[in-house]
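Chemist: Chains as they are written, first to last, in the UniProt record's numbering: chain A, 1 to 220; chain Z, 1 to 147.
Since the hints were made in silico from the structure, they are not lab data.
There's no promise every hint is true.
With a cut-off of at most 30 angstroms between alpha-carbon atoms, the simulated DSS-like pairs for lysine-lysine come out as follows [stated by the list, open to error]:
no.	chain 1	residue 1	chain 2	residue 2
1	Z	Lys77	Z	Lys105
2	Z	Lys54	Z	Lys68
3	A	Lys37	Z	Lys54
4	A	Lys188	Z	Lys54
5	A	Lys174	A	Lys37
6	Z	Lys39	Z	Lys51
7	Z	Lys77	Z	Lys39
8	Z	Lys77	Z	Lys51
9	Z	Lys51	Z	Lys105
10	Z	Lys68	Z	Lys105
11	Z	Lys54	Z	Lys105
12	A	Lys174	A	Lys188
13	Z	Lys68	A	Lys188
14	A	Lys37	Z	Lys73
15	Z	Lys51	A	Lys37
If you want the ones that stay clear, here's a sample from chain Z, every Cβ over 12 angstroms from chain A, calculated [stated by the list, open to error]:
no.	residue
16	Lys105
17	Val129
18	Asn134
19	Met139
We put the beta carbon where it would ideally sit given N, CA and C, even for glycine.
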Amino acid sequence: MIPTPDLSHLTSQDYDQVYEPAEDTFLLLDALEEDAKNLRDINACVCLEVGIRLCLELYWKNSWPFLYLCTDINPHACKCTVLTGKQNHIDLNVVNGSLVAPFGTRLANNVDVLLFNPPYVPTSEEEVSDAQLSRELGGSWAGGSDGMRITNVLLGRVEGLLSPEGRFYLVALKQNNVPQIVDTMRQKYGFLGEVVLQRRAGREHLFIIRFVRESKNSSS
Amino acid sequence: MMDVEEERLCLFGIADCSLLPPTIMVRLITHNLLACHAKDCNANNFPLQFKDVKLEFREADFNPDFLKGFMPKIEWKALVDTARELGDTSLPLEQPEMLDDDFLKNLHHVLLEIHVEEGSMTCPNCNHVYPISNGIPNMLLAEHEIG
Ligand SMILES: C[S@@+](CC[C@H](N)C(=O)[O-])C[C@H]1O[C@@H](n2cnc3c(N)ncnc32)[C@H](O)[C@@H]1O
Ligand SMILES: [Zn+2]
């Protein structure tokens with residue numbers, strides 16, 4: 001079992017400004033827990049998470065050593081992660097930045113595990129632009145007309161980032177059109193996508209899609 | 001310096017993050033992976049130069065296997081130069097072939113135990129300055145700076 005991190009230092013006022021771990025967060029964690037052995041087998045050494053998970057680092061801390069990097073555009077999310085680190089006595093590598101831009105050059109084909117729980121809620125286009133510029137809580141959900149505005153930008157970067165055996169885990173909502181995401185990734189970038197977990201949570205029907213390079217689809 | 005947001009947190013009795021002993025700091029392992037990504041800046045944009053830094057040293061668990069696995073991903077010259085600038089001369093100019101314990105311990109210290117808490121990082125090419133505050137590097141660009 002992966003230990004549950006201590007998040008008691010975060011209060012409802014923090015959650016006014018950062019994304020509170022919710023069903024989507026835990027679904028991704030469950031998927032990763034099921035894959036833990038595989039990740040160990042591919043000697044995952046560098047993990048990059050976009051959109052900070054307040055707690056994921058801690059879950060993994062005890063399973064095997066690797067470098068955990070994370071980025072978020074919301075400075076407050078970054079600060080809360082500082083607190084989480086302190087509370088749980090671990091060293092984190094947090095960067096206040098957008099998507100994978102700060103690591104783009106240096107991590108080319110070096111990321112073994114890429115995680116993204118994106119702002120996936122369908123909203124107006126205007127709302128996305130505002131949310132991305134203001135870098136506040138709205139950036140946690142605002143995703144544009146099909147909820148894919150931000151995710152699509154990242155999809156275009158996956159191929160250049162992942163190591164040959166690397167995996168990319170993406171959280172998606174039914175409205176994001178999961179079959180279409182899988183198709184795009186295959187046709188445009190040569191990645192095989194598979195829904196590894198799905199769950200209904202209230203009104204949301206959530207999916208975890210795992211992508212691997214087409215030629216490396218032997219493990220699972 | 002406290003912004004309004006933080007002040008509000010204090011009022012609510014939540015610790016102001018900037019007053020806590022910082023836990024996250026830019027370590028050289030992260031620094032070795034960051035490059036400038038400003039618009040049209042795509043050559044000589046690495047490594048970013050530290051300026052006005054405040055350092056702190058914190059012990060981390062020594063893990064030789066991780067270090068060996070990570071070594072091929074390091075830009076060695078950038079790491080050695082940066083460590084020297086920060087006053088640590090323990091690493092050889094060339095990556096050694098024999099990875100003995102002494103070497104790995106030095107590497108461990110440089111990569112994982114030197115923390116830059118405050119300061120900034122400047123792009124050697126376009127001179128864009130990325131500030132570090134509370135140990136968090138701010139790599140955000142304004143809209144017009146994004147390529
Ligand atoms: C749905 S929340 C998920 C939060 C956390 N990963 C979790 O699973 O609990 C989406 C996160 O992505 C961040 N985000 C939105 N746009 C981003 C961007 N362009 N670059 C990096 N992070 C972004 C938001 O600030 C927010 O923290
Ligand atoms: Zn530059």
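Chemist: Decide, hint by hint, whether the structure agrees.
Modeler: Outcome of the hint check:
1. Only pairs whose Cα atoms come within 30 angstroms are accepted, and Z/Lys77 paired with Z/Lys105 is accepted, the gap being roughly 18 angstroms.
2. Distance check on the hinted pair: Z/Lys54 and Z/Lys68 sit about 29 angstroms apart at the alpha-carbon level, within 30 angstroms; holds.
3. Restraint check for A/Lys37 and Z/Lys54: the C-alpha separation of about 40 angstroms exceeds 30 angstroms, so the hint is violated.
4. Using a Cα cut-off of 30 angstroms, the hinted pair A/Lys188 and Z/Lys54 is violated, with the two alpha carbons roughly 46 angstroms apart.
5. Taking the CA atoms of A/Lys174 and A/Lys37, the gap is about 28 angstroms. The hint holds against a cut of 30 angstroms.
6. For the suggested pair Z/Lys39 and Z/Lys51, the alpha carbons sit about 22 angstroms apart, so the restraint of at most 30 angstroms is met.
7. At most 30 angstroms may separate the alpha-carbon atoms for a hinted pair to count; Z/Lys77 and Z/Lys39 meet this at roughly 25 angstroms.
8. Taken as a hint, the Z/Lys77 and Z/Lys51 pair is honoured in the structure, with Cα atoms around 19 angstroms apart against an allowance of 30 angstroms.
9. Between the alpha carbons of Z/Lys51 and Z/Lys105 the distance comes to roughly 26 angstroms, so the proposed pair stays at or under 30 angstroms and holds.
10. Between the alpha carbons of Z/Lys68 and Z/Lys105 the distance comes to roughly 11 angstroms, so the proposed pair stays at or under 30 angstroms and holds.
11. Restraint check for Z/Lys54 and Z/Lys105: satisfied, since their Cα atoms lie roughly 23 angstroms apart, inside the 30 angstroms limit.
12. For the hint pairing A/Lys174 with A/Lys188, the CA-to-CA distance comes to about 21 angstroms; that is within 30 angstroms, so the pair holds.
13. Of the pairs offered as hints, the one joining Z/Lys68 and A/Lys188 is violated, with about 35 angstroms between alpha carbons and a cut-off of 30 angstroms exceeded.
14. Simply put, A/Lys37 and Z/Lys73 have alpha-carbon atoms about 23 angstroms apart, close enough for the 30 angstroms limit, and the pair holds.
15. With a CA separation close to 42 angstroms, the supplied pair Z/Lys51 and A/Lys37 exceeds the 30 angstroms bound.
16. Even its closest Cβ contact with chain A, about 16 angstroms, leaves Z/Lys105 beyond 12 angstroms, as expected for a residue assigned away from the interface.
17. For Z/Val129, the non-interface assignment is confirmed: its Cβ lies about 14 angstroms from the closest Cβ of chain A, beyond the 12 angstroms cut-off.
18. Residue-level check failed: Z/Asn134 sits 6 angstroms from the nearest beta carbon of chain A, not beyond 12 angstroms.
19. Against the 12 angstroms criterion, Z/Met139 falls within the reach of chain A, whose nearest CB is about 3 angstroms from its own CB.
Hint check: violations occur at hints 3, 4, 13, 15, 18, 19; the rest are consistent with the structure.
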